[in-house]
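Peer 1: The chain contents come next:
4 protein chains.
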Amino acid sequence: MEEATLQSAMAALGIPKTHTTVGLANLVAAHKEYRSLFVNRRLPEDGWSDIQIQHFLFILSTLDTNNKRLTSSSRWCGVGEREGRLYSSLVANRHFGFAHGMGRSGDIMEPQPKAVGSSVLVQLTLFMAMDAIRRCSGLNVKYGILLPLCTGMSMSLVLSSLREANPDRSMVLWCRIDQKSCFKAISSAGLTCVVIPTTLEGDEVVTNLAALEEAMSDQVLAVITTTSCFAPRVRDKVDHVAKLCQTHNVHHIINNAYGLQCASTSKLINRACVVGRVDAIVCSTDKNFMVPVGGAIVLSPQENIIQNIGKVYAGRASSSPILDLFITLLSMGMKGYQKLLQDRQQALESFAQRLSAVAEKHGERLLQCPSNTISFGITLDSLARPRNESEDEISYLESIRKPISALGAMLFSRCVSGTRVIPRLEQKTLGGHVLAGFGSSHEAYPHAYMTAACAIGVHPSEVDEFLVRLDKTIHEFKKKQQKR
Amino acid sequence: MEEATLQSAMAALGIPKTHTTVGLANLVAAHKEYRSLFVNRRLPEDGWSDIQIQHFLFILSTLDTNNKRLTSSSRWCGVGEREGRLYSSLVANRHFGFAHGMGRSGDIMEPQPKAVGSSVLVQLTLFMAMDAIRRCSGLNVKYGILLPLCTGMSMSLVLSSLREANPDRSMVLWCRIDQKSCFKAISSAGLTCVVIPTTLEGDEVVTNLAALEEAMSDQVLAVITTTSCFAPRVRDKVDHVAKLCQTHNVHHIINNAYGLQCASTSKLINRACVVGRVDAIVCSTDKNFMVPVGGAIVLSPQENIIQNIGKVYAGRASSSPILDLFITLLSMGMKGYQKLLQDRQQALESFAQRLSAVAEKHGERLLQCPSNTISFGITLDSLARPRNESEDEISYLESIRKPISALGAMLFSRCVSGTRVIPRLEQKTLGGHVLAGFGSSHEAYPHAYMTAACAIGVHPSEVDEFLVRLDKTIHEFKKKQQKR
Amino acid sequence: MEEATLQSAMAALGIPKTHTTVGLANLVAAHKEYRSLFVNRRLPEDGWSDIQIQHFLFILSTLDTNNKRLTSSSRWCGVGEREGRLYSSLVANRHFGFAHGMGRSGDIMEPQPKAVGSSVLVQLTLFMAMDAIRRCSGLNVKYGILLPLCTGMSMSLVLSSLREANPDRSMVLWCRIDQKSCFKAISSAGLTCVVIPTTLEGDEVVTNLAALEEAMSDQVLAVITTTSCFAPRVRDKVDHVAKLCQTHNVHHIINNAYGLQCASTSKLINRACVVGRVDAIVCSTDKNFMVPVGGAIVLSPQENIIQNIGKVYAGRASSSPILDLFITLLSMGMKGYQKLLQDRQQALESFAQRLSAVAEKHGERLLQCPSNTISFGITLDSLARPRNESEDEISYLESIRKPISALGAMLFSRCVSGTRVIPRLEQKTLGGHVLAGFGSSHEAYPHAYMTAACAIGVHPSEVDEFLVRLDKTIHEFKKKQQKR
Amino acid sequence: MEEATLQSAMAALGIPKTHTTVGLANLVAAHKEYRSLFVNRRLPEDGWSDIQIQHFLFILSTLDTNNKRLTSSSRWCGVGEREGRLYSSLVANRHFGFAHGMGRSGDIMEPQPKAVGSSVLVQLTLFMAMDAIRRCSGLNVKYGILLPLCTGMSMSLVLSSLREANPDRSMVLWCRIDQKSCFKAISSAGLTCVVIPTTLEGDEVVTNLAALEEAMSDQVLAVITTTSCFAPRVRDKVDHVAKLCQTHNVHHIINNAYGLQCASTSKLINRACVVGRVDAIVCSTDKNFMVPVGGAIVLSPQENIIQNIGKVYAGRASSSPILDLFITLLSMGMKGYQKLLQDRQQALESFAQRLSAVAEKHGERLLQCPSNTISFGITLDSLARPRNESEDEISYLESIRKPISALGAMLFSRCVSGTRVIPRLEQKTLGGHVLAGFGSSHEAYPHAYMTAACAIGVHPSEVDEFLVRLDKTIHEFKKKQQKR
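Chains as they are written, first to last, in UniProt numbering: chain A, 1 to 484; chain B, 1 to 484; chain C, 1 to 484; chain D, 1 to 484.
Hints are computed from structural coordinates only; laboratory data are not their basis.
Each residue gets a CB set at the ideal place from its N, CA and C atoms; glycine is no exception.
Watch out, some of these pointers could steer you wrong.
Derived, one-sided and incomplete: chain C residues facing chain D with beta-carbon distance under 7 Å [what the hints assert, rightly or not]: (1) G23; (2) L63; (3) S119; (4) A215; (5) F412.
Below, in silico cross-link-like pairs of lysine-lysine (BS3-like), each with a Cα-Cα straight-line distance of 30 Å or less [claimed, not checked]: (6) B:K142 <-> A:K17; (7) C:K339 <-> A:K339; (8) C:K17 <-> A:K479; (9) A:K483 <-> A:K402; (10) D:K335 <-> D:K142; (11) D:K311 <-> D:K243; (12) B:K479 <-> D:K17; (13) D:K180 <-> D:K267; (14) D:K483 <-> D:K472; (15) A:K361 <-> A:K478; (16) A:K17 <-> B:K17; (17) D:K32 <-> D:K142; (18) C:K32 <-> D:K17; (19) B:K180 <-> D:K17; (20) B:K267 <-> B:K243; (21) D:K142 <-> D:K267; (22) C:K17 <-> D:K335; (23) C:K361 <-> C:K479; (24) D:K339 <-> B:K17; (25) B:K472 <-> D:K17; (26) B:K17 <-> D:K428; (27) D:K472 <-> A:K402; (28) D:K428 <-> B:K339; (29) C:K361 <-> C:K243; (30) D:K311 <-> B:K17; (31) A:K402 <-> A:K361; (32) C:K339 <-> C:K243; (33) D:K402 <-> D:K335; (34) B:K311 <-> C:K402; (35) D:K402 <-> D:K311; (36) D:K480 <-> B:K17; (37) B:K267 <-> B:K361; (38) B:K402 <-> C:K17.
Please build the complete structure, drawing on both the sequences and the hints.
Peer 2: Structure follows, in structure tokens:
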């Protein structure tokens, strides 16, 4: 509505001009911010209020074609097989009227003729996320795509898109990381996974560059590395891997699931892009931006890589994870996101040291993995009974596996979530591959251990409370064991 | 935002012009409806969708000054004692950002400098309600005011405003209607209530015009009549009363709590306004428009009466009941409200007859009160034991009062709400006045009876179910009694 | 639902027992908090999450009778004239299903048979508010009532209830405070206001105890004092007034609109209750608890005073303001509310001093009003042109009134809200009373001045920004004037 | 909370026992419905109110571990890399507190230890949807899985899961249907698509069984057929195909995108399952149940097929589309869903006939495709200029393609959405396959035509309006052409 119309309409309602001038100035100021978002396509410095966010969402959803109650005077009549009709007003309201999802049968990023507002929503969210990643996380990668899929499925989509251009290459080299999704992503895409074992450097489980190089062949479509993981596994040496990939002309995909919160990881990836080859970087939205599970952002220095990913997704998709990210980014603003990253950084300063103190109190120690700045481990070797002279190591390890695992369950039942207790010699078969030492990402990690993460959004009081409960629980655990 | 800006911004996002043209046409069409509401100030023919309503509400609340998160770059800084700051986002969202309520210390209808959107909301709601009342309910009264108060307190406010101009008159003649609020409204306003008894015409309890005339004096500030009530009380003869009031130069206030749903009542009031004096008509919003409890609309043929009411309310008020009415009216549209009135009319056609049938099955009969088209009564005389020859009537009636009342409780425990069971000879003291036959609005109504209403929003299946349960319950009631 | 049922039902859904045990423990823990609220009726120490609050609200609203879609199998059928039916689901959802408001025709605090959940909501909110007031604000008054009315109308209701017991007393002594609502509250209640002038003590405008005592008579129903107000008016000497009222056997009502945020005011009122007579203390909910406009809490050391207030409200009322307070208090918890009070206290420490610095920069000074710890004033005398020798003071003051007032408008147009600019010799007629020096609460306050408040919820950045803008605006103001 | 506790707590709040008894009965009745859903796992007969649905959702989300504000007294402390923390309360509220999505890295249907409520939500939605499909749609297939993916990606997932068990078969026979998603689904899964041409039977485009049989080989993994499509393509003869697949031991997947609304389609699929082989039936949730885009349900007579699909999805997923379906199904109830199906059936009765009438008015005719009961076509041959004797057919058809297509754009600009205008001799290349006559699913369909659908949720007034606008638009179209 034009200002003049509003002004005179309000005058007709008996509202003094001095009031309407102030009110319209507020409306104009709000529109200015909306326009600025539209035109600059950057994350605003300051977060918006919920009222502003909702106002803007309703403007966008009014651009879609379905938001009119069906009455004889409705502007639109729909005679397609899908017309964005929503049965439940509860559902309509929780989506602010958006019903059409994102994308079209040809491409998940393709604008929809019936749903301009939805198309805008997706594009603006992408621009804001890219801006946040570049300016706050420090990752300098030019192109990106938002997917309403978890990192695993996104990885699968990336692989599918690469295969289309390289139909003769069917092998993927996977620098071992003990997490099922990525492994399954490879087989979901119809490709063959070759597990590249890791190696030890002190306590750290690191990339085995030699093994990787040896596995290279013209059958290899891509190498998958990982830059956010549980200690004692540390981020892969993606710069070295990038060089190898360039040399061997093989695609390189980085699984950076929750690495955006770590500035040094971003730097490492930036270097990899410069010194070698990086085709795609897959990041989770929920783990980096505090939204519900279900979205990912894939980044690439090359535009065509990103475009091909969009084309592989066969059909429309739910835009709900994108809507969550849109709201959250606008609510944070640049300052809010920076504060979250700083708060984590601050929590981090003492995290390792305090965890170490608890460990030492119980005769254990912190695993020294300085390249992992999110996940931390402490040994748990003393939790098990000592090995009898008579028994061989394997039987011994097998016999103590279960008792040690019990610590994890005890912590969970004491309302500590997120810790992982890894006994030695765990073994798992994934799609035919036997992975010895499962959980540690290494065949024979020499310690039983436990991990805890200092991730974005953690509250200082949670850390305090965790350390108290951990201390108590180990104490109780040992006491119990002595009784037996 | 201007269309051109939006169009080019969307083009920059990669959205084809054919799409944006359609989307903008939708936005323009929506704005056209908003403008039309602003300019014409009439209830739209067709209801709006929830999405449209919310979009419009956020436009309005953006006109208020408080809807900006407090950040260093906030446009507004507030150093008053009340700045519309809301602690809970749940609260902010449920009010669509409105925090300032309505009115100012001087007048509840006065626009607020800080809250132009709130001021607009109140004015538009009033215009739409007046339009609905005029065009659907058929009540031709020119001026009105919305109050976030129930009918009783609204009545009190009306009386206060009348007293200010007539400080020497302190008596109010109240055509007896057995309902506490109105009586209390008089004493809350610091006035003295004179109860004018009713009289019988057949089954109907009607206005006693002779008694009313006799009570007229220069001490009398106003007469209060009622046009919506429980059978066998029927609406007051407000046309005759209006004439009397004109003759005696006494104010006349009509309590039309839920009468807007009844076309013949509106006609009667229209006539009263023409042939005599009507100063104010008080109607409930919840009972007429299906919103939560807490609002009223006061109508008057005279502008100054309405203006004075607004001035008596001392201070700001919650605009929540007005917000509810705003949403509901927009959601209904003219057609939706008309349909509700028609549905009631249709339910009405068989209501009395079917209720009569149930009554007759149990040896009772329908009370013949044709002037009451909302509430219906059936006699319950046979529910009580017959009178022994030896006992006097009063002792007899006293002894059967409780047993008869039990039917109401039985119905309620069978999930029938809204019925009223009135035994004979109930008595109540209200502020010193002894009201014999309390409940029936008559000193000595010759029947015990029960009432049920056919009110706006009643669902046909409710009526069906009510009649079934009533039948069963009377049956059980009688069976139980026979056992004793 | 019983845990055992849930546990086995979830097992049947294929959910492992270890999971369900954890989940049920969460549910049990939540229910424990709900029960604790029910049983202890105290504000929880820690605030609840929005999810918990909503869960609890839906439990309560499920206790009401109307929350069932109308279908053939509905449990309830309603045949009353008001059945809590809501047309719009948007309206139903924003009230969490509550439709019945609060109270009954007899008493606003009376439980409603059809709406047990609504009744519980009102009671629990009252208990929590009383707990917050006692434990955080430090006000030791035993009884209270929540009203969905602003402070002015609440004051009116209190006066009406007092009059009922003292029908022969019709005068109210009002210690002058230049704010319309309270004055109007007196006339709305049909009583006569006697304005007791104030007196000066240094810069402070204080209670004129002598004038008050002189006005005492057996016509006087009550004295109204004020404990939260704009500087240079300071809170009334309610302890002395309380003694006077006790001596003269006159009711004493304290208007403590936004005083709950000030510990020293609470202490003063506590003392007044001990040393003399205090009948009722009226406080705003929005100004003290950061909810939307529209609610008040009235406190009294005497139970019957509170009960009578409830009885005067004629009819049901909107419970929306109570719902807002309920949500807000639960969201704050004791710690959240205490933090707000502490934050204000902290902002307060430097507020006066920094405001003083700005004033002095422009040749003005802070008004020394140490008894007012919320509102602060600075002189503005130098803003006006000096008086010519030839002109008399009154013409001079009249001629400069408007130019000085312009500063307020300038600040508002620069998005500073809440300041008040008071020129000298403003005059206003309220209900026949001529109030000279209107705005300052004193007949002849010797300065033009401006006030700003440091109220609950103010953000430090707002204070910073205000001081910057004030400085700039005065500067611009003076520059402009020099040009003329 | 136990009833006894509540009862006594409410008594302590001063609420009479008669009230609390009624209120608790309501709560108990609500819990009974919740329990019934849990225990019977069937779609309720009557829909629930929004209040009930929300109450139930908050019970479920309280079972998850993250719904506690982070305070010192919080029960849970999270030290994982993902703890369900949500930044925005707007986001948290729109998901009713659910943050964990669905599934685990191993399986999308796997329950989550931290999120029992989310696990229950998914299972109950699946059971309700299966119940609705069985009892209303009439499809008798025992097993199913809900996927937060569109039908195309779901198809891709099904193919991936089948390939895992048949790694040597890489070809998929696709009975041509001109829609990109399904084609892309095949290549996304890394398989090779063989397009099986269609054939004509009268106006109908039908399955070419001979061509299909001929293409069978031991390289073939699966056949994909389609049962909901645009006229003149009709549903595939899935019963015959099922027999062929059984004979050749080849998987058979049916794309039943929006076929659940058509009873005869369900019957045909039932028969196919009985007489031959059907491995999976893929259905859209948005097109069948009026929820936003983004979900699918895959059905199968075999449990292991369904289980394998769940295992292929690599990781967690957004549960938002499942939440929408949950709310919508509960809101509909069995009766609501049946009514929608009946309403469509009723609209259907006259749809073809009225469309035919409009066509004939302009010298065109309805395409006779009785096997397609959702989409209808009319010829548009007369819209083009007649062929000159001199020109060959191909040049002629090419020259008239664009003008005919313009009708679709005209309809869209007149706010008619969902029609498709298909000129003759359109051609498209999909992944290397040249599809002549694209749009009609046939190489050389002898007519230009237009389609319109009579799909679930269509409002009678939409149909009326569509026919009016179609008539007008063709009229204008022809007029325009004559001018040239």
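Peer 1: Now look at each hint and say whether the structure bears it out.
Peer 2: Hint by hint, here is what the structure shows:
1. G23: Holds, because the Cβ-Cβ distance from C:G23 to chain D comes to roughly 3 Å (cut-off 7 Å).
2. L63: With a minimum Cβ separation of about 4 Å from chain D (threshold 7 Å), the hint on C:L63 holds.
3. S119: Interface hint status for C:S119: holds (5 Å vs cutoff 7 Å).
4. A215: Given a least distance of 40 Å, the restraint on C:A215 is violated.
5. F412: This interface hint is violated because 30 Å lies over the 7 Å limit.
6. B:K142 <-> A:K17: holds, 26 Å
7. C:K339 <-> A:K339: holds, 21 Å
8. C:K17 <-> A:K479: holds, 27 Å
9. A:K483 <-> A:K402: holds, 17 Å
10. D:K335 <-> D:K142: holds, 22 Å
11. D:K311 <-> D:K243: holds, 28 Å
12. B:K479 <-> D:K17: At roughly 26 Å apart (the allowed maximum being 30 Å), D:K17 and B:K479 satisfy the hint.
13. D:K180 <-> D:K267: Since the Cα atoms of D:K180 and D:K267 sit roughly 27 Å apart, the hinted pair holds (cutoff 30 Å).
14. D:K483 <-> D:K472: Holds, at roughly 17 Å.
15. A:K361 <-> A:K478: The hint holds at about 12 Å.
16. A:K17 <-> B:K17: Not satisfied, since the Cα-Cα distance of roughly 38 Å exceeds 30 Å.
17. D:K32 <-> D:K142: Roughly 27 Å between the alpha carbons, so the hint for D:K32 and D:K142 holds.
18. C:K32 <-> D:K17: This hinted pair holds, its Cα atoms lying about 23 Å apart.
19. B:K180 <-> D:K17: holds, 23 Å
20. B:K267 <-> B:K243: Holds, at roughly 16 Å.
21. D:K142 <-> D:K267: holds, 15 Å
22. C:K17 <-> D:K335: violated, 35 Å
23. C:K361 <-> C:K479: Answer holds: C:K361 to C:K479 is near 14 Å, not above 30 Å.
24. D:K339 <-> B:K17: Not satisfied, since the Cα-Cα distance of roughly 40 Å exceeds 30 Å.
25. B:K472 <-> D:K17: Distance of about 25 Å is within 30 Å: holds.
26. B:K17 <-> D:K428: Holds, at roughly 23 Å.
27. D:K472 <-> A:K402: violated, 77 Å
28. D:K428 <-> B:K339: It is violated: about 51 Å lies between the C-alpha atoms, which goes past 30 Å.
29. C:K361 <-> C:K243: violated, 44 Å
30. D:K311 <-> B:K17: violated, 43 Å
31. A:K402 <-> A:K361: Measuring from Cα to Cα gives roughly 23 Å; hence the hint holds.
32. C:K339 <-> C:K243: Since the Cα atoms of C:K339 and C:K243 sit roughly 35 Å apart, the hinted pair is violated (cutoff 30 Å).
33. D:K402 <-> D:K335: violated, 46 Å
34. B:K311 <-> C:K402: Measuring from Cα to Cα gives roughly 26 Å; hence the hint holds.
35. D:K402 <-> D:K311: Judged against 30 Å, a Cα distance of about 47 Å means the pair is violated.
36. D:K480 <-> B:K17: holds, 24 Å
37. B:K267 <-> B:K361: Not satisfied, since the Cα-Cα distance of roughly 36 Å exceeds 30 Å.
38. B:K402 <-> C:K17: violated, 54 Å
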